[in-house]
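Enquirer: Please work from the sequences and hints to get the whole structure.
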Amino acid sequence: MLISLRQICKVYHMEEVDVPALQEVSTDIAAGEFVAIMGHSGSGKSTLLNLLGCLDRPDSGTYLLDGHEVDRLDSDALAGIRNRKIGFVFQNFNLLPRTTALENVELPLYYGAKLSSAERHERARALLIRLGLKDRLGHHPGQLSGGQQQRVAIARALVNQPPLILADEPTGNLDSRSADDIMALFQELNREGITIVMVTHEPDIARFAKRVIQMKDGKIV
Amino acid sequence: MTGIITLKIAMRALIRNKARSLLTALGIIIGIAAVIAVVAVGQGASVTMRSQINSMGNNLLLIFPGSQKTGGFHGGAGTQQTLTAEDGEAILRECPFVQAMTPLVRTGAQCIYRENDWGTSVQGVDVSYQEVRGWDVASGSFFTDSDVRSASRVCVIGKTVAEQLFQGEDPVNQSIRIKNMPFRVMGVMTSKGSAAWGQDQDDTIIAPWTTVRRVLQNSAFNNVNQLMFSLVSMDILPQAKEEISQILRQRHRLNVSTDNDFTLTDMTEVTKMITQVSSLMTMLLTIIASISLVVGGIGIMNIMLVAVSERTREIGLRLAIGARRRDILMQFLAEAVALSGAGGLMGIALGVSVANIIARINHWPVMVSPGAVLIALTFSAGVGIFFGFYPAWRAARLNPIESLRRE
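Listed in order, the protein sequences are those of chains A and B.
24 is the number that our numbering gives to position 42 of the first sequence; each next residue is one higher, with no gaps.
To convert, take the position in the second sequence, counting from 1, and add 3; that gives our numbering.
Treat the hints with care, since some could be wrong.
Facing chain A, a subset of chain B residues (Cβ under 7 Å, in silico) [stated by the list, open to error]:
no., residue
1, R19
2, I294
3, V298
4, E317
5, L320
6, A323
7, G325
8, A326
9, R327
10, P403
Here are the simulated DMTMM-like cross-link-like pairs (lysine to aspartate or glutamate), alpha carbons at most 20 Å apart as the crow flies [as the list claims (entries may be wrong)]:
no., chain 1, residue 1, chain 2, residue 2
11, B, K11, A, E101
12, B, K11, A, E85
13, A, K67, B, D206
14, B, K195, B, D206
FYI, nobody ran anything at the bench for these hints, they're computed from the structure.
All of these numbers come straight from a predicted model, not from anything done at the bench.
All residues carry an ideal CB built from backbone N, CA and C; glycine is no exception.
Expert: This is how it looks when you write it as structure tokens:
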């Protein structure tokens, strides 16, 4: 199993009121799966994704990622896990403004493996070319279309060759044609063995996944 | 991440906001420039003043005739005519601390060479004047002891006089007229430049004191305007003054209740005063400059806080893709240090140019010490670390999930 969740609980404390976001969630995701997490807003799907992405820690329960018990790790170790094991794709792309596509893709390489700047360039360049952005290497995000920006973001997620990609509404800001392109790209990456977990509320998008996890009131239905 | 890469990324972030970075660094630029310029100018000024004082002579001690007291009337220094060349010779003989001595008689005179004429001062001195003042002949020779004994009409002239009277001709062995009497020019002195009070020391004619006294002043007496001594060392100055006073009081037959009829003057008081004043000024201006550095540092802190809040999403993203908290801390700290360090470098450049301009206007040597530059650079980097730490710490403490959600 790539991901193994056991009795995960998470409660948000908001002004004297405790809001339970996840209640005893247990599930497994095998390597090579393509999972869509669906649910209404407030169903806990974003909280679940943040936990999967090691951006947050559960209040109780255990989380095994690729064999590591990550709920016990300190924040530096979690940063290392995020860097090596996980690639993030966001709804609003989160590319650095006034920074070239190439530099945006290189970003995760600064925090992980010790690479020379030539190796960094080469890796980022190869990925962007593969994702069809050969002519856009030196462009800033502002000079790219939404679909192109999301491709740059995906290249950034892939640059450290992680086994897992976490996507939070990756097509939320895209027109339907770009959205279909991005989904096709995800399917292609998935065929190559990368595990993809994607949060979405659009059934059309969820259809691209091999499995759908429905969430409601902090529980998997 | 290595330090060099961190710094490179920081520089890139600063270049992205050129105008803002420059304006933020301006406080540091001005502060550092002020420190460098003030220290350089202060050191240049005090070196100049000290060298001017040294140009007066070697371990110089001067004796002037004292003030005259007749009944209730108290005249100024030099009103008495009691100091003689013999006093000087006696002191030279009896006081072991004295290395050389010359009497000095001063008069003003109009000098003529062919159609050129020039009004200047004539100093009557002994041969040892060269040693006492540490002043050599540039061309020709100085007059001799026998010239002094026989009151010969010979002289050596300062560079300014040589230029004014001879205008490029070689003055050596020419004849000039001083107060309408012919004098042979034996040599030209090296240039001494201006004295501490601005007087041109090269605008003078030097002749045997006997000649000045007998020929130019037409007097048979040996009283002089001044006795100049060169002491063995400045360390024995108090003893030397005491002993010389005793010798003079004996020679002038002054009883215990009578004041000295002479005045001893040395340069240590003047040197001390100049040093004190210049170091006080340097300190004062350095304090003002330091205040501007602190203000500059607060400017950096302010703009870094703005940057952290503007770039919250970027921080969230960096945390998500694997940056540790200390990476974020180092990134923003590096930006603050790069900002203040670049400001420091520009400030040093500005300060050195300002110091050069001021030095050129005042004809001082430029005294930009490498120590001051190093301290300025360290200080500006320190300002960056000190004032950049709080914003960087705030950045490193951000929650990645909330930061990513921020618009």
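Enquirer: Would you mind marking each hint as holding or not holding in the structure?
Expert: Hints versus structure:
A least Cβ separation of about 5 Å between B/R19 and chain A falls short of the 7 Å threshold, and the interface hint therefore holds. The interface hint given for B/I294 is violated, since its Cβ lies 35 Å from the closest Cβ of chain A, which is over the 7 Å cut-off. A hinted interface residue such as B/V298 counts as satisfied when its beta carbon comes closer than 7 Å to some beta carbon of chain A; here the least separation is about 30 Å, so the hint is violated. Below 7 Å, beta-carbon pairs count as interface contacts, and B/E317 has one with chain A at about 6 Å; its hint therefore holds.
The restraint placing B/L320 at the interface with chain A holds, with a minimum CB-CB distance near 5 Å, inside the 7 Å limit. With a least beta-carbon distance of about 5 Å to chain A, the hint placing B/A323 at the interface is held under the 7 Å criterion. Restraint check, B/G325 versus chain A: the minimum CB separation of about 2 Å is within 7 Å; hint holds. Checking B/A326 against chain A: minimum C-beta separation of about 5 Å stays under 7 Å; hint holds.
For the restraint placing B/R327 at the interface with chain A, the shortest Cβ-Cβ distance is roughly 4 Å, inside the 7 Å limit, so the hint holds. Using the Cβ-Cβ criterion of 7 Å, the hint placing B/P403 at the interface with chain A is satisfied: the shortest such distance is roughly 5 Å. Restraint check for B/K11 and A/E101: satisfied, since their Cα atoms lie roughly 17 Å apart, inside the 20 Å limit. Restraint check: the Cα-Cα separation between B/K11 and A/E85 comes to about 13 Å, which is no more than 20 Å; the hinted pair holds.
At most 20 Å may separate the alpha-carbon atoms for a hinted pair to count; A/K67 and B/D206 exceed this at roughly 87 Å. At roughly 10 Å between alpha-carbon atoms, B/K195 and B/D206 fall within 20 Å of each other, so this suggested pair holds.
Checked against the numbered hints given earlier, this structure breaks hints 2, 3, 13; the rest are met.
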